[in-house]
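Enquirer: Protein sequences appear in the order of chains A and B. Residue numbers for the first sequence follow this note's numbering, beginning at 127 and rising by one. Residue numbers for the second sequence follow this note's numbering, beginning at 141 and rising by one.
Hints listed in this document are in silico derivations from the structure and should not be mistaken for laboratory results. Warning: the hint list may mix true and false statements.
[As the list claims (entries may be wrong)] If we take Cβ atoms under 7 Å as the criterion, some of the chain A residues that face chain B in the derived model are: (1) THR188; (2) GLY303; (3) TYR341; (4) PRO343; (5) LEU344; (6) ASN354; (7) LYS359; (8) GLY371; (9) ALA375; (10) ALA383; (11) THR386; (12) THR391.
[What the hints assert, rightly or not] Computed from the model, here is a short list of chain A residues facing chain B with C-beta under 8 Å: (13) VAL374; (14) ALA382; (15) GLY384; (16) GLY387; (17) GLN388.
The C-beta atom is built at its ideal place from N, Cα and C for all residues, glycine as well.
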Amino acid sequence: MKSNLAISRLRKLIGVALGITLASNISIASAGVNDTGLAVTDAAVKVGILHSLTGTMAISETGAQEAEKLAIKQINDMGGILGRKIEIIQEDGASDWPTFAEKSRKLLVKDKVAAVFGCWTSASRKAALPVFEKENGLLYYPTFYEGLEQSHNVIYTGQEATQQILAGLDWVAREKGAKTFYLIGSDYIWPRTSMKIARKHIENVLGGKVVGEEYKPLGNTQFGSVINKIRLKKPDVIYAAVVGGSNVAWFKQLKAAGITGQKQTLLTLSVTEDEVLGIGGENLEGFYSVMKYFQSQDNENNKAFVKAFKDMHGDDSVIGDVTQAAYLGPWLWKAAVEKAGSFDVDKVVKASETSGIELTTAPEGYVKLHPNHHLWSKTRVAKWNKDGQATIVFTSDLIEPNPFPEGYQ
Amino acid sequence: MGEYTAQELLSIFAMQGFSGLSLFSVLLLMALGLAIIFGQMGVINMAHGEFMAVGAYTTYLISVLSEEYFPGFVEYYFIFAIALSFLVAGALGYLAELALIRHLYKRPLDTLLATWGLSLIMQQGFRSIFGAREVSPTLPDWLMGSYQPIESIDIPINGMFVLGLTTFVTLAVFYLMFKSSWGLRVRATTQNRVMSGAVGINTKKVDRLTFALGCGIAGIAGAAFTTIASTGPTTGSLYIVDTFMVVVFGGAASLYGTIASAFSIAQAQSILEFFISGSMAKVFTLLAIVIFLMLRPEGLFASKVRK
């Protein structure tokens with residue numbers, strides 16, 4: 127009896143194995159569309175979403191993955207890509223950088239996804255990058271970041287440092303006549319690199335002076351001493367890149383110390399509508415953010431996007447810069463796949479680099495993909511209101527992405 | 141510093157002094173509950189930070205509810221929220237002792253693990269109930285401004301408020317511990333548990349109430365910190381390291397030690413921060429504490445008991 131059972135199990139196994147081979151033959155049969163064994167059938171194509179759903183970064187990454195899901199749903203409603211519906215495999219990076227690498231490998235090797243939308247912090251991207259390069263995967267990365275990177279396997283849908291920083295500094299020097307700057311940031315790679323670029327620009331181009339530069343540990347909640355130093359130096363502009371929960375403490379304590387938007391110009395690189403939820407509009411009122419996107423942007427694309435986002439994720443949800451950039455990812459991928467006529471990563475990358483992909487439907491307005499894998503985009507400066515929304519006071523021209531700026535390193 | 145007037149320097153000196161005091165009150169408020177529990181029962185409560193978060197979330201809830209239903213109450217809700225935070229965190233602490241801690245008194249290492257597990261469960265609880273995003277209650281206007289005794293000095297009102305609250309809580313704890321009959325029983329139990337039991341003190345009840353009190357004070361701390369920072373599911377773990385540092389440096393069983401330790405750490409930190417960068421100030425403070433503890437492992441104040 128036992129051997130019979132074993133044999134029947136073996137038969138089943140063989141049956142399953144045959145089935146799998148047949149199925150994969152079918153997918154290979156759709157030749158040209160997929161020559162590299164990705165998870166593509168005649169009906170569907172699999173993609174990965176890889177963000178932190180748990181841990182300290184979940185606060186920031188929630189919006190990004192919600193926007194990616196919205197874009198994918200909209201693409202599917204329009205009939206998918208090359209006639210195939212997009213199926214999502216979601217993994218949790220858990221705010222832990224090695225986990226991002228591990229889950230990237232799982233998505234690329236086991237699930238054979240055609241593209242991954244994910245990562246948020248630079249640390250998570252740097253951890254996942256070697257995996258994407260080794261397995262030749264394709265990552266759409268949504269966050270504004272420090273630049274100094276360009277990988278065959280990554281499309282950067284947020285701004286690189288110079289796009290965000292230079293336009294903002296030029297604006298504040300021109301509009302506010304600012305000459306002296308106090309730089310403050312959280313203590314890790316992105317604020318430090320950004321401040322390095324900012325300092326060069328202030329000293330060499332604007333002819334201004336940096337009167338103080340300060341970094342606080344991530345998660346720090348005590349800003350009393352820094353605020354006193356700022357008082358002593360009386361800078362024209364406080365230029366800030368404090369991130370995460372620290373941001374809340376920073377702005378609450380500024381307000382409590384009597385430094386408010388009426389008396390002091392403050393320009394921040396790291397506050398989007400997402401952070402304002404925690405900080406409270408009343409503590410930010412009158413301060414400025416420099417970003418490529420604000421929820422209050424007044425154009426038809428954006429109105430439709432905000433409405434669709436709220437319909438899907440609730441009326442209370444807000445949309446920050448990274449959320450919008452994440453939303454662009456699936457659309458840029460769709461455009462590139464359709465230009466290439468194939469899901470194969472090398473062909474999609476080639477199409478992305480050479481065929482002048484542009485999105486006229488982007489909520490932020492018009493964006494165009496540069497051969498260096500970054501986006502041409504406009505930079506905006508906006509003033510925060512009490513209700514947690516911002517009024518845009520300046521919009522730049524379309525800025526060319528320049529991840530390796532000369533004279534700024 | 142030649143380019144500044146004497147008045148300016150004096151103002152900065154005053155404000156910097158206050159910023160040290162305000163850091164002191166924050167550290168003390170955090171450490172008080174932990175020190176009471178550790179001093180009394182030898183239990184290291186790894187979930188202390190989460191009880192703070194309970195207080196902070198309670199404050200947030202009251203803020204949202206009063207904005208929604210009693211707009212006239214918004215100016216005053218904060219005082220009420222502090223009291224409620226104390227009660228909610230205290231009640232949860234009482235339950236935790238009843239369900240978990242009391243079974244582990246003879247096994248100190250296991251209480252460490254158990255309370256750590258409890259902290260993870262509570263963090264996930266916050267995430268499920270309130271979401272992963274950080275939240276922040278709307279603070280009444282009178283709490284958010286600054287007090288200007290003279291033109292060039294701004295003393296943050298929320299800092300003064302936390303300082304006042306810490307003073308009040310500390311005095312209350314001292315009164316409870318050294319003047320009330322309950323405090324007498326607590327001290328008796330600490331000194332000799334078996335003997336106290338023999339003379340008719342219900343030591344189990346004393347333990348339970350002490351644990352609840354410690355957690356309740358954590359709740360107050362949480363409520364107070366909503367004036368300076370935001371609240372998220374992992375907020376507690378942000379504070380716990382500093383809290384342990386204060387308690388260990390002070391000498392684990394002594395309330396005076398906890399006060400002295402909070403004061404010296406806060407002053408060192410804030411004076412250093414003014415002259416060097418924040419990260420380096422932290423490094424030097426930690427280094428000084430490590431060296432001190434190597435020379436004197438029992439901390440600043442050790443209770444002189446023959447072992």
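Enquirer: Flag every earlier hint the structure violates by its number, smallest first.
Expert: Hints 2, 5, 7, 11, 12, 16, 17 are the ones this structure does not satisfy, whereas the remaining hints hold.
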